[in-house]
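J.: Below, each chain spelled out in residue letters.
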Amino acid sequence: MKVLVPVKRVVDYNVKVRVKSDQTGVDIANVKMSMNPFDEIAVEEAVRLKEKGVVTEVIAVSCGVTQCQETLRTAMAIGADRGILVETTEELQPLAVAKLLKALVDREQPQLIILGKQAIDDDCNQTGQMLAALADLPQATFASKVEVADGRAQVTREVDGGLETLSVQLPAVVTTDLRLNEPRYVTLPNIMKAKKKQLDVLKPEDLGVNVAPRLKTLKVSEPPKRGAGVKVPDVAALVDKLKNEAKVI
Amino acid sequence: MSILVIAEHDNASIKGATLNTVSAAAAIGGDVHVLVAGHQAAGAAAAAAQIAGVAKVLHAESDAFAHGLAENVAAQVVALASAYSHILFPATAGGKNVAPRVAAKLDVAQISDITLVVSPDTFERPIYAGNAIATVQSADATKVITVRTTGFDAAPASGGSAAVESVAAAADSGKSRYVGSEIAKSDRPELTAAKIIVSGGRALGSSEKFTEVITPLADKLGAAIGASRAAVDAGYAPNDLQVGQTGKIVAPQLYVACGISGAIQHLAGMKDSKVIVAINKDPEAPIFSVADYGLEADLFVAVPELVQSL
Numbered sequence: 001m002k003v004l005v006p007v008k009r010v011v012d013y014n015v016k017v018r019v020k021s022d023q024t025g026v027d028i029a030n031v032k033m034s035m036n037p038f039d040e041i042a043v044e045e046a047v048r049l050k051e052k053g054v055v056t057e058v059i060a061v062s063c064g065v066t067q068c069q070e071t072l073r074t075a076m077a078i079g080a081d082r083g084i085l086v087e088t089t090e091e092l093q094p095l096a097v098a099k100l101l102k103a104l105v106d107r108e109q110p111q112l113i114i115l116g117k118q119a120i121d122d123d124c125n126q127t128g129q130m131l132a133a134l135a136d137l138p139q140a141t142f143a144s145k146v147e148v149a150d151g152r153a154q155v156t157r158e159v160d161g162g163l164e165t166l167s168v169q170l171p172a173v174v175t176t177d178l179r180l181n182e183p184r185y186v187t188l189p190n191i192m193k194a195k196k197k198q199l200d201v202l203k204p205e206d207l208g209v210n211v212a213p214r215l216k217t218l219k220v221s222e223p224p225k226r227g228a229g230v231k232v233p234d235v236a237a238l239v240d241k242l243k244n245e246a247k248v249i
Numbered sequence: 001m002s003i004l005v006i007a008e009h010d011n012a013s014i015k016g017a018t019l020n021t022v023s024a025a026a027a028i029g030g031d032v033h034v035l036v037a038g039h040q041a042a043g044a045a046a047a048a049a050q051i052a053g054v055a056k057v058l059h060a061e062s063d064a065f066a067h068g069l070a071e072n073v074a075a076q077v078v079a080l081a082s083a084y085s086h087i088l089f090p091a092t093a094g095g096k097n098v099a100p101r102v103a104a105k106l107d108v109a110q111i112s113d114i115t116l117v118v119s120p121d122t123f124e125r126p127i128y129a130g131n132a133i134a135t136v137q138s139a140d141a142t143k144v145i146t147v148r149t150t151g152f153d154a155a156p157a158s159g160g161s162a163a164v165e166s167v168a169a170a171a172d173s174g175k176s177r178y179v180g181s182e183i184a185k186s187d188r189p190e191l192t193a194a195k196i197i198v199s200g201g202r203a204l205g206s207s208e209k210f211t212e213v214i215t216p217l218a219d220k221l222g223a224a225i226g227a228s229r230a231a232v233d234a235g236y237a238p239n240d241l242q243v244g245q246t247g248k249i250v251a252p253q254l255y256v257a258c259g260i261s262g263a264i265q266h267l268a269g270m271k272d273s274k275v276i277v278a279i280n281k282d283p284e285a286p287i288f289s290v291a292d293y294g295l296e297a298d299l300f301v302a303v304p305e306l307v308q309s310l
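Residue numbers (our numbering), protein chains in the order written: chain A, 1 to 249; chain B, 1 to 310.
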């Protein structure tokens, strides 16, 4: 059984981005880029399924610029068997990515597609669900536990108020939440090994997908700044401020 | 122009996030209809009809909707979509699960987590954990949108008298099955609707200490309890309490952060609170940069003392 794991190259989660002064976007020149943390969890989960013998091949996919190859090498260092880059310099929105992934699902016929629930740059939380819709597959989003057996995946999901468990027929799309696993550290030997793994590069045209953006970004601005307030010396002063100044208790 | 709001409900009643979503629909302008897709959901449909500003309630009844499975609810929305210019979901776990499925089936972009309606085709939404605000315009025929509830006031839950119309239910996809759930029962206010939130971080050190220190303060203030990702990952608090970029987004009147350092991902979830109090023994903790009132102290001493003085 094959698993497809889409991974996105994003600004590292430790970087606090700055809005460009011309309001055309955020400044990502010379900023550290990494794999989207939720996707790293997805790769880890796929590799663990392989280590358990449930899965035979883990294929990592990334859509975007040439440098996404680095993200794919990271996925392969965690344990993915091969990588596919759909290379384009076009701004990719979730619907376009979902269409590219749908085309790859048709080609590769994976039984499971595991990806992050959201990317930490655009915070959209759309791609997995869109892929499931386009490929007419069931979905189990925000997963904190995945068990695969007898042609189904039993998935525990993090929902408002607690946890919910679904059983979905394979093939299916699973999106990861933070508690699913803790990704391993990649070791140097595995990084070296990853460099030798197969990495195919395609263009959106090869997959017959039009990736032109649908949403136009008119501007990107700074959020309203919240200034620091005051430090209070003790609990009594805090209670006084809350009662008499802020009047919230 | 008609707008369809997808209700978040438990079959008997309407969840608060629906009210904020109705307000977002009103800001776009046009007739606001609410879809209640559920099982034995007449109660929820009747409650939706009471919401001020709602012109019509569509009630789709089927056991396939009992647990809100995305495949089935999305099929229902798609079946109704052609009559609407905008389809709005609350940006809750339920709404986020279903909305992109609808958008993809309609071949339109989704606009996630809007916080402001600029015009019927232009919206503001936070990106990069709220460190930037994007203004986006959609040229699609149908706008599929999720609404960040903290961006819009709740519409009054009563005062309306919309007609409830039954609509044909979409078929069960048969590909997904509900197995069970563990939903914590609590008398506390819902995290996303609470006026006051007391939140705990990694500094609490254990699940026992989290309960022992945070609960009395929350009880005293009639507050909901929240937690940082670090506290949830460490198992001190359940996942549904997580406040932050990828957890719950909250904006209460008062947010009390106890032992939370204030990573940008956490700040993304609470920085729109009216008043923020930070209790932390690290003077350099980034949480102090957004706190209206900072108390540099050991929370194990300060929090019980605070409970005493209230």
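These are calculated hints, taken from the structure and not from any lab test.
This structure is a prediction, so every number in the text was calculated from the model and none was measured.
Where is the CB? At the ideal position from N, CA and C, for every residue including glycine.
Certain hints may be false.
Pairs of lysine-lysine residues, derived as DSSO-like cross-links and limited to a Cα-Cα distance of at most 27 Å, are as follows [as the list claims (entries may be wrong)]: (1) Lys203(A) to Lys105(B); (2) Lys220(B) to Lys243(A); (3) Lys247(A) to Lys195(B); (4) Lys50(A) to Lys274(B); (5) Lys50(A) to Lys231(A); (6) Lys196(A) to Lys20(A); (7) Lys241(A) to Lys16(A); (8) Lys216(A) to Lys105(B); (9) Lys274(B) to Lys16(A); (10) Lys247(A) to Lys220(B); (11) Lys225(A) to Lys196(A); (12) Lys216(A) to Lys20(A); (13) Lys241(A) to Lys105(B).
Now the in silico label distances, taken between C-beta atoms and shown as ranges [to be verified]: (14) Lys193(A) to Asp63(B): 45 to 53 Å; (15) Tyr185(A) to Asp31(B): 39 to 47 Å; (16) Asn190(A) to Ala55(B): 44 to 52 Å.
J.: All hints are to be evaluated individually against the structure, with a verdict given for each.
T.: For each hint, the structure was consulted:
The hinted pair formed by Lys203(A) and Lys105(B) meets the criterion: a straight-line CA distance of about 24 Å does not exceed 27 Å. Taking the CA atoms of Lys220(B) and Lys243(A), the gap is near 14 Å; set against the 27 Å cutoff, the hint holds. About 13 Å separates the Cα atoms of Lys247(A) and Lys195(B), which keeps this hinted pair within 27 Å; it holds. With a C-alpha separation of about 48 Å, the suggested pair Lys50(A) and Lys274(B) falls outside the 27 Å cut-off, and the hint is violated.
Restraint check: the Cα-Cα separation between Lys50(A) and Lys231(A) comes to about 53 Å, which exceeds 27 Å; the hinted pair is violated. Straight-line distance between C-alpha atoms of Lys196(A) and Lys20(A) comes to about 39 Å, which puts the hinted pair past the 27 Å bound. Pair hint Lys241(A) plus Lys16(A) does not hold up; C-alpha atoms about 31 Å apart against a cutoff of 27 Å. Restraint check for Lys216(A) and Lys105(B): the C-alpha separation of about 21 Å stays at or below 27 Å, so the hint holds.
A threshold of 27 Å between alpha carbons decides the hint, and for Lys274(B) with Lys16(A) the separation of about 23 Å falls inside it, so the pair holds. This hinted pair checks out: Lys247(A) and Lys220(B) have alpha carbons roughly 16 Å apart, not beyond 27 Å. Taken as a hint, the Lys225(A) and Lys196(A) pair is broken in the structure, with Cα atoms around 48 Å apart against an allowance of 27 Å. Between Lys216(A) and Lys20(A) the CA atoms are separated by roughly 17 Å; this keeps the pair inside 27 Å, and the hint holds.
Proximity of Lys241(A) to Lys105(B) is assessed by CA-CA distance (about 53 Å); at most 27 Å being required, the pair is judged violated. The hinted range of 45 to 53 Å is satisfied by Lys193(A) and Asp63(B), whose Cβ atoms lie roughly 51 Å apart. For Tyr185(A) paired with Asp31(B), a C-beta distance near 55 Å fails the hint of 39 to 47 Å. The beta-carbon spacing between Asn190(A) and Ala55(B), approximately 60 Å, falls outside the hinted interval of 44 to 52 Å.
Violation of the numbered hints given earlier is confined to hints 4, 5, 6, 7, 11, 13, 15, 16; the remaining hints are satisfied by the structure.
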